[in-house]
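Engineer: Here is how the chains run, residue by residue.
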Amino acid sequence: MDFITQVINGLGLGSIYALVALGYSMVYGIVQLINFAHGDIIMVGGYSVYLVMVIYGLPVWVAIPVSIIVCALAGMLIERVAYHRLLIHNAARISLLITALGVSIFLQNLFMLIFGSDPKSMPTIFPAELIKLGSLELASSTVINIVVSVLMMMGLQLLVDKSKIGKAMQATSEDAGAAKLMGINTNKVVLMTFAIGSALAAVGAVLYSNTYPQIKPDMGNLLGIKAFIAAVLGGIGSIPGAMLGGYILGVAESLTKAYISTTLTDAVVFGILILMLLVKPSGLMGKNRKEKV
Amino acid sequence: MHLLETKDLGIVFGGLQALNDLHLAVDAKEIVGLIGPNGAGKTTVFNLLTGVYAPSGGAIRLEGQSILGKKPFQINRTGVARTFQNIRLFKHMTVADNIKLAMNQNMKYNVVSGMLRLPSYWKEERAIDRKARELLAIFDMEDLADQMSANLPYGQQRKLEILRALASKPKLLLLDEPAAGMNPTETHDLMEVIRSIRDRFNVAILLIEHDMSLVMNVCERLYVLDYGNLIAEGTPEEIRNNDKVIAAYLGS
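Listed in order, the protein sequences are those of chains V and R.
Residue numbers are given in my numbering: position 65 of the first sequence equals residue 65, and the series is strictly consecutive.
Position in the second sequence (first residue = 1) + 1000 = my numbering.
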């Protein structure tokens, strides 16, 4: 029983990784950029919730949409200010990567300047209760995390498969040059991808602050890297892959904490990444793309 | 007024003048060929016309309006569609989806009604699905609509690319070597198809082709490029007997 509880707790934690991983994966799929500033979007989302609920004292149902909108706008702004010119001039990938790291450092320091570097404790977002399922006792936050993340993934998959913008995303991801010539505004597609990915990170931020009620300017560092590992593990570019990677990572962390050692959790997480890269570099659900020479 | 007109069109890559002072005109419903030896700059012309490259000088006008400085997707929406020398379909999408994607520009429903499946979404989606299948019927490909386009044989992929270009309702269709890799029978069929497309869709066609039987049969006028320069223009009959053209193809 204890084992199952640990697995479910892991899924709850993994849900947050998964939501953030989706953003990494989508952006990579479209522009082949590993957006290292994506982790800091969670931080932006967390502070948005904090601002609305603690500073302005407004209820949670205002905080969530505000946080989603702020993050989506931040994602779009980052794309326009930092990446856009590099992308349209086909800059080297390494330049994009360094820019992403720069954006990440900028965001962390900006928020440190505004809010100070000390951690802020978050108010209750959803009331914490113990939910009993037979002999299992689960925190309500765990159940909320799992349900919300699954709904989000289903929504995203629907968006990508069925909507106009989703089809345009698939086309841009496969051959941006041809997509342009078929009348698709690929710049808009890229911008929308950043907006959607960042909005998902905002949802992740709400879930994170509900589970661990504390935020600080550098919280996006480790969370972002773990979500990135989840995306790589599942196969970067794949939506179900990102979710799967997130869950696996969460469960691995939770089980390590319970049965091995709390201090070893990060070592196990990075160990999984190294193992994965050795055995199947394209990830669990990734397509093995052959580079054309 | 010509449908398409270029004046003094040129482009320089580094120190190489890939295209020099091109004057070219295509009228509505005309079938025009652009021929020349390998490396003459034919595909470069297509890339200039569709906005992939920005010219170093000159003018391009579509129905009298300059299209210089417009982005490829904007030029597509003003009525120029193309196919590619090497097939560039969206291989991980179905045949119907490839066509629908090019039609999407004319669709009105938004993301919300798409996700919530509101009636407006279904209505437009059904209409567009029907149109896509009607287009496929032109090449007797309607039973392939739900196949992955990567699984189609080569000839049909070429045809699908032409249909995808037609789906955006162009006034001018650019075909880059439509007969490449086709056997004589397929090429012969293609000639009929090109003529029937022009008549059915009231579209002007500018095509690049190496297969001379196709060019001489289908095209009403020809332009001949060599090393980026226009060396001849005229009817197929005139071109066939032009000394400069013969020299460019056979060496002098």
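To be clear, the hints were calculated from the coordinates, so they are not data collected in a lab.
In this text the structure is predicted, and so the values were computed from the model without any measurement.
For glycine and all other residues, C-beta sits at the position ideal for the given N, C-alpha and C.
Hints may contain errors.
Result set (DSBU-like, lysine-lysine): computed pairs, CA atoms no more than 30 Å apart in a straight line [claimed, not checked]:
no., chain 1, residue 1, chain 2, residue 2
1, V, Lys216, R, Lys1071
2, V, Lys120, V, Lys216
3, R, Lys1244, V, Lys162
4, R, Lys1070, R, Lys1244
5, R, Lys1070, R, Lys1091
6, R, Lys1007, R, Lys1070
7, R, Lys1171, R, Lys1071
8, R, Lys1071, V, Lys162
9, R, Lys1171, R, Lys1123
10, R, Lys1029, V, Lys162
11, R, Lys1171, R, Lys1131
12, R, Lys1123, V, Lys162
13, R, Lys1244, R, Lys1169
14, R, Lys1131, R, Lys1071
15, V, Lys132, R, Lys1070
16, R, Lys1091, V, Lys280
17, R, Lys1169, R, Lys1131
18, R, Lys1029, V, Lys188
19, V, Lys162, R, Lys1007
20, V, Lys162, R, Lys1171
21, R, Lys1071, R, Lys1007
22, R, Lys1171, R, Lys1070
23, V, Lys188, R, Lys1123
24, R, Lys1007, R, Lys1169
25, V, Lys280, V, Lys120
26, R, Lys1244, V, Lys188
27, R, Lys1091, R, Lys1123
28, R, Lys1091, V, Lys120
29, R, Lys1071, V, Lys257
Now the in silico label distances, taken between C-beta atoms and shown as ranges [as the list claims (entries may be wrong)]:
no., chain 1, residue 1, chain 2, residue 2, range
30, R, Ser1120, V, Ile4, 42 to 48 Å
31, V, Ile114, R, Thr1078, 52 to 58 Å
32, V, Asp161, R, His1188, 54 to 60 Å
33, R, Gly1014, V, Trp61, 57 to 63 Å
34, R, Lys1169, V, Leu136, 40 to 46 Å
35, R, Ser1066, V, Leu222, 33 to 39 Å
36, R, Thr1078, V, Ser95, 41 to 47 Å
37, R, Ala1150, V, Val147, 52 to 58 Å
38, R, Asp1027, V, Pro65, 41 to 47 Å
39, V, Gly177, R, Trp1122, 28 to 34 Å
40, V, Ile55, R, Asn1086, 42 to 48 Å
Engineer: Checked against the structure, which of the hints given earlier come out wrong?
Structural biologist: 1, 3, 4, 10, 13, 15, 18, 19, 25, 26, 28, 29, 31, 32, 34, 35, 36, 37, 38 and 40
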